[in-house]
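Chains A and B supply the protein sequences, listed in that same order. Mapping of the first sequence onto our numbering: residues 1 to 202, in sequence order. Mapping of the second sequence onto our numbering: residues 1001 to 1202, in sequence order.
Treat the hints with care, since some could be wrong.
Unchecked claim - Which bits of chain A does chain B cover? Going by a derived footprint, with three or more residues having C-beta under 8 Å, they are:
hint, stretch
1, 9 to 19
2, 62 to 70
3, 73 to 82
4, 85 to 94
What the hints assert, rightly or not - Heads up, incomplete: computed chain A residues facing chain B, CB under 10 Å, no partners named:
hint, residue
5, L5
6, R31
7, M32
8, H35
9, Q38
10, P41
11, R46
12, A49
13, E99
14, Y108
15, G113
16, A116
17, T202
Derived from the structure by calculation, the hints contain no laboratory data. None of these values were measured; they are calculated from a predicted model. Glycine residues also receive a C-beta, built at the ideal position from the N, C-alpha and C atoms.
Protein chains: 2
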Amino acid sequence: MATGLPEPEPLLTLVEALRCLPGVGVRSARRMAYHLLQRDPEGALRLGAALNQAVTDLRHCERCNSFSQEPICSTCRNPDRDASLLCVVETPADQNMIEASHGYRGLYYVLQGRLAPLEGVGPDQVHFGQLMERASDGQVREVILATNFTAEGETTAYYLADMLRARGLNVTRLARGVPSGSELEYVDAGTIAWALMERRST
Amino acid sequence: MATGLPEPEPLLTLVEALRCLPGVGVRSARRMAYHLLQRDPEGALRLGAALNQAVTDLRHCERCNSFSQEPICSTCRNPDRDASLLCVVETPADQNMIEASHGYRGLYYVLQGRLAPLEGVGPDQVHFGQLMERASDGQVREVILATNFTAEGETTAYYLADMLRARGLNVTRLARGVPSGSELEYVDAGTIAWALMERRST
C-alpha cells in the first residue's frame, strides 16, 4: 500500500507476519492487525502463545505422519485399532472426517499433501517413501486410498495404487457415488455416471 | 467438528486461538494451523513474536487515537502539519489511503470504529468524547468527516456533524461524485445523482 504515513514498526512487523497465513494478503493482514490491537489484544497474546507452543511441542508421528506430541501418536498406539487396515488421507482434517463417520477402525497414514503437477508438487515433494515403508510392515493387508476426489487427489491415488500394488498390497479406493441423503435431480451428471457404473446388487 | 480422534492438545489450542482473527471459523482455523505446522513453522514463530511485540509495544496516540509506540504519535508531533485541520476517519487503513492521496497536510483523528445501530454499536461504544475534546483544542478550525460512504459511515458522519457544529466548529464532508478515471456508463446511478446535485462551476 503506497503511503507516506510513518507507521509504528511493531504494527508493520505484525502485518508482514500475518501474511504467512494461507490466503491472507496485505489488505486482510492489515484488517486482522487492526482488529486484534483494537478489539482483542488478549486474543492476540493467546494466539502468540499457542503458535509458540504448537511449533515447539508438536512433531510428526513416526508411524502415521500426523501431528503428535509423542514420537508415536495415541491413535497408532491404540491396541483396539485394526492394524491390517491402513487408510491414506491428504490432511489431518480428512482423517478427522473419516473418524467422525464412525465407519473405520483401522489405522491411518497422513500424506500432508498431494501430487499437484500444475503447482510443481511431484513425488519428490510429497515423500511417499515413508508411506511405502509403513505399508510394508507385514501387518497391513489392505491400503484404503482416501485422497480427495479432485484432479490432484485422483492423480495421487493412481500413483500410490501403482507403487503399493507393486509391493503386493491389496489397494482399495473409497466408493464414488450419490451422496447419502441427496436427491438425484441435484446431483451432478459425472457423479451419477460413476454411480451407474459402480452399481451393486442389493 | 464432530470427531472421535484424540487430537494433540497444542493443536486444539492453536485452532481455538486462531479463531480470534476476524472472519476465521473452525474450518479455516484448522486449515491455517495445518498449513503453519506443515509448511511454515518459522512463519508461525515469527507471527507469535510479532503478536506479542505489537500488543506490548503499541498504544493509542493520546491525540489522534491511532496506534503508536509513543504517547503522541509522530504524525501528531509533526510541526509541518496544519493543526487547524482535523480529518476524522474510521480506521488507520482509511487514514493511510488519505495520506497516500498526497492531498492532505492536516492532522487526523481515528475513531477505531463507527456507529452501527444494527450491530448494537451506539455512541457509548465508539467513545466520541475524546474526539470532542480533541476538536475543541482551540487550534482546530475545520473538521473534515471522512468516514466511509456506507450506511454506518454516513450515520456516524451525521451524528458527529451535529455534535461538532454544536461546539461552533466548521464541519465538512469528503465530496461525493464520479470516481476519478471512471466512465459514466459503469458508475452506479446513485453516484451520478449525487454528482449532478453537487455539480460545480469550472
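message: For the stretch 85 to 94 of chain A, count the residues whose Cβ lies under 8 Å from any Cβ of chain B; is that count three or more?
response: holds (count 3)
field: Interface restraint verdict for A49 (chain A) against chain B (beta-carbon cut-off 10 Å)
entry: Because about 7 Å separates A49 (chain A) from the closest Cβ in chain B, which is inside the 10 Å limit, the hint holds.
message: The hint names G113 (chain A) as touching chain B; please verify it with the least Cβ-Cβ distance against 10 Å.
response: G113 (chain A) check passes; min Cβ-Cβ to chain B is 8 Å, inside 10 Å.
message: Three residues or more, CB to CB closer than 8 Å: is that satisfied between the stretch 9 to 19 of chain A and chain B?
response: This one holds; 8 residues, not fewer than the three required, reach chain B with a Cβ under 8 Å.
field: Hinted contact M32 (chain A) with chain B - closest CB pair below 10 Å
entry: 5 Å, holds
query: Holds or violated: the stretch 62 to 70 of chain A covered by chain B, criterion of 3 or more residues with Cβ-Cβ distance under 8 Å?
result: The restraint on the stretch 62 to 70 of chain A holds, since 3 of its residues have a Cβ under 8 Å from chain B and three suffice.
query: Hint check: is the beta carbon of L5 (chain A) less than 10 Å from a beta carbon of chain B?
result: 4 Å, holds
query: Taking 8 Å as the C-beta cutoff, is the stated coverage of the stretch 73 to 82 of chain A by chain B satisfied by three or more residues?
result: holds (count 3)
message: Take the shortest C-beta to C-beta distance between R31 (chain A) and chain B; is it under 10 Å?
response: 6 Å, holds
- prompt: Is the shortest C-beta separation between H35 (chain A) and chain B less than 10 Å?
  reply: Since the shortest Cβ distance to chain B is 5 Å, the answer is holds.
Interface restraint verdict for Y108 (chain A) against chain B (beta-carbon cut-off 10 Å): With Cβ-Cβ at 9 Å, under 10 Å, it holds.
query: Should the hint that Q38 (chain A) touches chain B count as held when the rule is a Cβ pair under 10 Å?
result: Holds, because the Cβ-Cβ distance from Q38 (chain A) to chain B comes to roughly 5 Å (cut-off 10 Å).
Checked against the numbered hints above, the structure breaks hints 16, 17 and satisfies the rest.
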